[in-house]
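Build out the structure end to end from the sequences listed, making use of the hints.
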Amino acid sequence: MKLQKIVKELELEVMSEAFNLDVVIADGYASDLLSDVIANAKKDSIWITLQIHQNIIGVAVLKELAGIIIVNGRKPEAETLKKAEQENIPVMVTELPAFEIIGKLYGLLRSLGFSG
Amino acid sequence: MSKKITKVQELIYKLKIEQAMTKGVIKVHPKNVMGELREILKNNRISGIPVVDEDKLVGIVSIEDFIKCMADGKIDAFIEDRMTKDVEILYADEPLIHAVNKFNKFGFGRFPVIERGNRKLVGIITKSDIIKTLLKELEINLQEEEIHRYRASHIFEDMIANKTTLIFEYNVASQDFKRAGESASELKKSLGRLGINPQIIRRVAIATYEAEMNMVIFTSGGRITAYIKPDEIRVKAIDSGPGIPDIKQAMQPGFSTAPPMVQEWGFGAGMGLPNIKKCADKMNINSIVGKGTKLEIVIYTQSKNETPKDS
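Which chain is which? The protein sequence lines are A and B, in order. Plus 18 on top of the position in the first sequence (first one is 1) and you've got the working numbering. Plus 907 on top of the position in the second sequence (first one is 1) and you've got the working numbering.
If you are wondering where the hints come from, they were derived from the structure by calculation, not from laboratory data. No residue lacks a Cβ here, since even glycine has one placed at the ideal position from N, Cα and C. Treat the hints loosely; a few may be bogus.
[As the list claims (entries may be wrong)] Chain B regions said to be covered by chain A (calculated; three or more residues, Cβ under 8 Å):
hint	segment
1	982 to 992
2	1086 to 1097
3	1111 to 1123
What follows is the structure, given as structure tokens:
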């Protein structure tokens, strides 16, 4: 599913106009532990986390993730956004807590037969 | 929305109309009669013909004009009396994007291409000409990229020596969380340029990232060195202290001595060393308290045992 559609359906706030929302999201992974994401997230996944510091972009690049959703209305640090634009990792924010947004996202991705 | 420029977008600005147009155009003279069009249109399977007098474009006559003429029963009419005189044209030296825009604006099937200044007809361009040209250009670009990749990935074969090793070295500063991870990501990019298997690169990058993080969080800084050989990649992470008192304990998943602040950032989950071990074909760690830690991992690039431990 195109990130564009996920952004619309889940009413995510896209943190920069520079992001390319035309990427295809194949799967999702939720975790706030960077090592866990590094060990277990799959390529082209969207990552749900509450972390906002710039190392999340490094992890996303390393794992070739398709984007990051930050939960609980937390705003990414300015440096994080700068790096996200540089590395072309779309960063979105939702006011919802992790449980809610993951549930919705799961329904959205899995209902269409995307599997991990 | 997206500011990223695709290769196709780049090409339609770069290429000129004369590179995409069809030359050797079928044309008619204004003093030909409409009836003569039947054979030309049929034999060439075209839907419109430029009308040319002494090399100069004076109009265009289409299949619609021909049908109307038939309906009116005037197949003996001169073409100059039934053609479209006010023709939308393109110049040979314009970029292809102008053609794309004109197709969108007017919805015509073709545009005559003329030389700037003298209205000399030099070609005709259709949407399929544009598509064919773009596809051809993309193919050429792809081939060039493949050649480039081939060269990079065969760098070892081009070097004449009994043994060849490429060495990449990165300095890692203590507590520099802003730059943490940069060594791993730079190494990853460099390995990519060498054309190494992406699966292998990912394993090297993950192991290096974790080693780098450990260095940033726990040590007073150090150095990461990657030795690239034709059949293996060896990464050494050497720091200057404080050292690990109990390596066995440190290797246990979940064991961490990271301060709470660092853990809050999502680091120090006690998974660093286990992650490294998972990615490496060989791992060796030596530590002396008060002196420092030496971590060495080896990942075989020829994948002796095909173990995609990471996806």
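The hints, checked one at a time:
1. Counting residues of the segment 982 to 992 of chain B whose C-beta lies closer than 8 Å to any C-beta of chain A gives 0; at least three are required, and the coverage claim is violated.
2. Three residues within the 8 Å Cβ limit are the bar, and the segment 1086 to 1097 of chain B against chain A gives 6, so the coverage statement holds.
3. Check on the segment 1111 to 1123 of chain B: 5 of its residues sit with their Cβ under 8 Å from a Cβ of chain A, so the three-residue criterion for coverage holds.
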